[in-house]
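Asks: Listed below, chain by chain, are the residues.
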Amino acid sequence: MAPSTPCASSSQETITPLPSALPSDETEPRLGELLVAEGIISEETLQYALDVQQRTGARLGQILLARGFITHKQLFCALAKLWGLPFVDLTQRSPEPDAIRAFDPYTFIEYHFLPLSIQNGVVEVATSERPNPQTIAQIKNILGDVDIRFFVTSDWDIDRAVLTNFREVILDTATYGLYYRDPDESAYTVLTPIQFFSAIIAILILITVFFFWPIPTLTFLNLIINIGFLGSIVFKFIVALAGAKYETAEPVTKEEVDALDEESLPVYTILVPVYQEANIVDKLMENLLTLDYPPEKLEILLLLEENDTETIQAARQANPPDTVSFVIIPDSPPKTKPKACNVGLFLASGEYLVIFDAEDRPEPDQLKKAIVAFRKGDESLACVQAALNYFNAYENFLTKMFTLEYSYWFDYMLPGLDRLQLPIPLGGTSNHFRTNILRQLGGWDPFNVTEDADLGIRAATNGYTVGIINATTYEEANNELYNWIRQRSRWVKGYMQTTLVHLRHPVRLIKKSGWRTSMGFLFLVGGTPLTFLSSLLLWFVFLFWIVFRTKLFDFLFPTGILYVSMINFLIGNGLMIYLNMLAVVKRRYYRLLPYALLNPIYWILHAIAAYKALWQLITRPSYWEKTTHGISQVSEQTPT
Amino acid sequence: MKIKSLVRLCFVIAVLSAVMLSWSQNDAVGAPTTPHEISWQDLGLGERVRLQGSVASTDVFLHIPSGLTPTLLTGKLQLSPDVTSGFMEIRSRDQLIATFAVDAGTSNIDLMIPLKNSKLEGDILPLTFIARLRSIDDVCTTTYAGAWIEIEDPKIQFEGTPQAPQTVGEFFPSILHKVILVTSSQPTLGEAQAAINLAASLRHRYRHIGKFQIKMRPLNKDGALPIIADEDALFSRMIVIREGETNRVRVLHEGRHQNMPILEINGSAEEIREQSLWVVDRWGTAGQAEEINNLAFTAPQETYRDKVLLLELEPPTWNVAGMGKLEIPVTFSQGDLGGPVDRLGLRLAGHYTPLPSGAQATMSLFFNGGMIFATTFDRDGDFDHFVTIPNNLLQRDNKLTIQFLYTPAGGKCTLDAHPFEASLNKGSYFTVEFGVQKPIRFLHYPQILLPSFQIAFSSLTFTDLNAAVSIVSEWQRITRSPLHPQVVPWDQALSSNQPAVLIVHDSTQTDNLAAPVRLEPFRILDNQGKELLRFDTPVAFGLAETFTYNDRPTLLIATSPTVSAEKIATTIVEQPDGWYSLQGDLFLVTDEGKTVMLQVQEGGITIEPLAQTPQSWHSKWRLLLYPLILLLILLIAAWLHPRLVRPAPKKQ
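Protein sequence lines, in the order shown, are assigned to chains S and U.
Residue 147 in our numbering sits at position 136 of the first sequence; the count goes up by one each step and never skips.
Residue 667 in our numbering sits at position 351 of the second sequence; the count goes up by one each step and never skips.
Chain S on its own, in the form it takes in the complex (with noise of 0.2 Å):
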């Protein structure tokens, strides 16, 4: 057998055996004295290094890879040479399957082992941490009494071992991992059979009365329209009230930012799911680095899909830091940004989380106003949502009015929301997990297009509480009609969703969650597509009749549904105005400002979208409208 070599391909035939008894540091060098030693950092580099883990309390290693000073090969080589152990490059050795078929995958992702063999009663085995009485005590109590021998490879090869040789598992726990869990919290399917049933009784009915009671029915339909919608106003409303009160208090202050002890920082891990965003992999890797954050105790995981090549080789084209994760997500149906991220959950070991999309660009102190929120909350807090607004505000009609409205939904509505202590839609992007927590809920719903809300909804019929934090993440606003068309229609497809699965259990819900939250989340979540669907068509009957002066629709607005229907045409156009204008004065957009009267119009095409989403719940409920990021001519603008 050919002697190995610490950093040389280890083979079947090149491993040394090495004794079972745990190798001892007590006389060994040093890490950085080793490092010095070879050549691969200078002592001013060391001497650096040692200065930010005193700071930082960051494992040595960690910092010079999170720094750029080494990469994973130099220094689990190294760490091989320390800890006296052959290195086994995983790329060219595969684990049998028998070694691993007994234990649970997650076993390997938390103790950072792999087995690699078994034969005679030795166990052979890649590890990324040093040989520690836990890991062998995890090994010995799968496999019995068997001698272990140890070899060092990455954390990055464990990784990519486990998600390639569990790849079935994974892929099936991230996809119905929540559905297993319960069934009822799933968007799987559209509807329960009882749902679906109910649903067609209903309109057997409706017909029914409306055969024998045509002009009462439709009288009667439109009153309720029409006080769901006044209802939908006055909620909005008592929400948007209730959120302005945050024009003059901060959730999370500066002073209790800087008051933070960066060796009290834990790891954060930051999910950055990615599809045919190949244009973007370098402005993203750019906006994560500004993040003021200690970059050792950072896991960034770029969820890659297996089949988008293209956006692959472009991230490793940019060559991000070694702190930068690739996760190349199985090619499996439904490719949806949820069913990555549910990926990502199962690798990621930082006791936060947070998602930020390709394009995004968070404000630096956004994790450590997130921690401090943490810490200010009581356990049951299990995320919170930082704001989301455009960075190409003033680019066209849409970016602008898409503006106005980010800006009414994350500086009111979602702070009236925390007030009220209703339960918050999750926003796609910037939001905030406990890692556990996260766990606990199930992840994310691979079928539900939009997953984030669906969670912060779970969340709340669960126990737990969603709060927000004072921080902006700016995004790319849709500047393409089509394109909005199509991101919008999967938002309300989303909230279709959400709605379809809360409900599938009424009196559950309201049991668990209580009146106020089961309503909060009927107005929020239910009524919005609702709103959207029915706006048209009432707009239309109504100017027609107003135009027209015609009688054709007489029967339909007795005296006092006449009275309602007028609210909520001017009232609450009105009043959606208003808050549009007060919100982007709080943002100190004044440019947009005029923008806010066009607001009818821009829920002419929420409605067109709305039934584009009703027809895709039908025909493709789990499809996933991609949004085309990256389109904007905007690379810089200050926001305000």
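Keep in mind that the hints were calculated from the coordinates and are not lab data.
The C-beta atom is built at its ideal place from N, Cα and C for all residues, glycine as well.
Hints may be right or wrong, so weigh each one.
[Unchecked claim] Coverage of chain S stretches by chain U, computed from C-beta distances (three or more under 8 Å per stretch; other residues unrestricted): (1) 196-206; (2) 209-217; (3) 626-638.
[Unchecked claim] Away from chain S, derived, C-beta distances all over 12 Å, residues of chain U: (4) 354; (5) 366; (6) 960; (7) 961.
Add chain U to chain S, keeping to what the hints say.
Replies: The following block gives chain U in isolation, referenced to the frame of chain S:
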């Protein structure tokens, strides 16, 4: 033990007796209370008895139902303010019933006059009211109508129990408040004809009784009679019309309806038509048996005539006596004259007391307020004049006032002055030329339907028949001439030239009628093109309209799914003045009960049909669409199910 058993038996018998008694009492619901009180209106008389002038008298003949004895006359005595003194006398033939003096302070007094001394002549109670009044006003003043005394809201109390009819001839009493016509729930044309005949002839016979009404009820599904709780059962009758094989008219004594006499007419379509004509009319009284089989009767044809005796128009009196202004009003409708009148003349004859020297008397005729004739009386004592009535004064309902003005010698109208008396000759008559004025409007009904008219149903239902009965009854209420409706099949009615009443469900069946307004969305514009009225939803209204079709007057009643013919008829009958309330030629009833009356023909307005609306489309096609939509929904559901409800995934 035996005693105990006996006590138990007695107890059981007592309980059973009590139950039986209570049942028998329940069965007797509607039995008359004693004393029995009936207002004069319900007896077919007026709301009051008024005597006007210094000397006045009037005769009243009260029909007393068999088995009842009049005991008391009640009412409220009222005097005109100018009366200073006088007295009133009530007689029954030569028997003085009551006499009492009045003076200026007498008014608003409750009267209670015993009638035990009155003389019944068969079932007639004759009463004569005589008054002599002094007043502060001069009765010779031409503008003064004279002092008056009246008994307001008179009522008669009776003792006894009305006798239930034993024979067919006794079935219809002199006083009747309600008749319930019963047919099968899906009547035949023969039954419809019989019901409508009965409605017309009964209303004609009891037209003086304001309270009289005719109702319709269907037989139960099992053919049994409907149970009707009626407190006024003794003054009600039920007539059951069955088209069958047995030619029979009989009085029924059904246990559950023992308080309401029942007559059943049974036979072929033609036989029940004849029975319906025979049974109510005067010939029916000849039926002195409980059951009459194989009745053969042919009603005599109405003959054309151009003269109508004043007698037929029932003037309140033929004689006047007194001083000052003395009047005989005669009210009648064109229908009372036998049809739509084109020209009208009056021959009026009579006599009067020769005038004493120095006295003056004149006779003036007023037609609907306009003077048409005047003459001065001399010592001759007779008058006989022919007067042509100007067409412009002729209305549907008319009032002829024959006014005598008498001033005694010296111009003093005192009680001791020589009185004046005038009498009309009962041979006085109107001459009539009939003719129809166009366009036809509601005010031309019912006279335009004389002497006979046709009724046709596009598809005969019970509610349609009920509507026809209500309307025919209403027309007969307002005319003295008997109506002769003929129920004919739909196609026959369309090709006939007789006036017709058409009741239609399906608006497409009126396509050939050229009705001004169809049961489809339309709007009405004025001369300037301004929209006056718009009906977008045909299901939301029904209509009655009259127009000329086939050169004959036609009344079309078009129903919709939400407005039945019954609802249209009821709405018409319940108008404040019934049929008289209808104006113009179009009457719309919405499903909310709102009504619209318009003059569409030559009314300066334009009817513009509207394009099909969703509502009209729905109304037209819904019967077909409903199952199709249900099927479509089920198909869509089958298509949706695998897409929306997914089977559970297979676990790895």
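Asks: Take the hints in turn and mark each one as holding or not.
Replies: Evaluation of the provided hints:
1. 196-206: Answer holds; 6 residues pass the 8 Å Cβ test.
2. 209-217: The restraint on the region 209-217 of chain S holds, since 3 of its residues have a Cβ under 8 Å from chain U and three suffice.
3. 626-638: Held - the region 626-638 of chain S has 3 residues with a Cβ nearer than 8 Å to chain U, which meets the minimum of three.
4. 354: holds (46 Å)
5. 366: Non-interface label on residue 366/U holds, nearest chain S Cβ at 50 Å vs cutoff 12 Å.
6. 960: violated (4 Å)
7. 961: violated (5 Å)
Violation of the numbered hints given earlier is confined to hints 6 and 7; the remaining hints are satisfied by the structure.
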